[in-house]
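*Asks:* Sequence:
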Amino acid sequence: MAYVYRFKELVLKPKFLVPLIIFIGLLLYSFIFPATITINPGRWYYAPPAQPPSLAYPFGTTSMGQDLFLLVPTALRNTIIISFVAAVISVLIAWGIGSTAALSSAIVRSTLMTLVDIICVLPGLPLLMVIFYTWRDYLTIPLIGIIMGLIGWGFPARAIYAMLSSLRQRTFIYTSYFSGLAIYKIVIKDFIPFLLRYLMINLVGTMTWAIGNEVTVSIFGAMKMEEATIGTTIHWAMYYQAILLGVWWWLAIPIAFLVLFVLSLYVLMVEIDKYIFARARVTWG
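Read in the UniProt record's numbering, the sequence shown has 127 at position 127, and its numbers run on one by one without any break.
There's no promise every hint is true.
Straight-line Cα separation of at most 25 Å, DSS-like style, residue types lysine-lysine; simulated pairs [said to hold, decoys possible]:
#, residue 1, residue 2
1, K13, K274
2, K189, K274
3, K8, K224
4, K15, K189
Simulated from the structure, these hints should not be mistaken for laboratory data.
With these hints in hand, go ahead and build the complete structure from the sequences.
*Replies:* Following this line, the structure appears as structure tokens:
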């Protein structure tokens, strides 16, 4: 039974519309608004220090005289870029190695899965802290995401390998293989439709993992602290004892924006998954 997707139904659902508005608003605030700022929001003492939220300073100011209304969007933008770059690289590497291992000879499969096992047992967070602290003078925002992506693909690759190993036993896969189709065509035409759901979920999961690692590494001071991210903003708030001094908004505002972003992204992905794949089951049925 064929089914035509009516995305208008999805968009008009309150459970989808509300997080969509929040998500788009956060993207506009973090990517468009900083382009209109004429000063460096990370510079110290361009605003009165430790001012509570007010009409003049909607999110208040830090003890170092930074306007959080200007600083938070820049920090959120950099954190989003780091997490997105890390997620894309991780998913691409996991897909390439997992699919190659599942569809290749025993020698290639054994070699690749040994590599996957090595990546899986590496202590990711301590390794990131050592790398970032050692190379902190050379780090850029995209490079931070690339390094995270190169470390975080182990478990997704193993999951993709397991799913493809199961799928390759199905009759339609044998038909494609004995018809002479190249491996990459089999992957694109036969495997991706079945694994798209996992790849979408894994992309969001890896973004969340990268955000958590960025914040954790920054809190320990092992990141390039001159770059404004949510993690470095929280680090400086804790370093200057914002809570003890009563400057609670310095810590609360960036955390609130980070939570809003992660929750809105997660809810959007869940709703899209429920909508598309519920109808895909009708179509395939």
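*Asks:* Hint by hint, work out which the structure violates, then give me just those numbers in ascending order.
*Replies:* Going through the list in order, the structure violates hints 3, 4 and respects the others.
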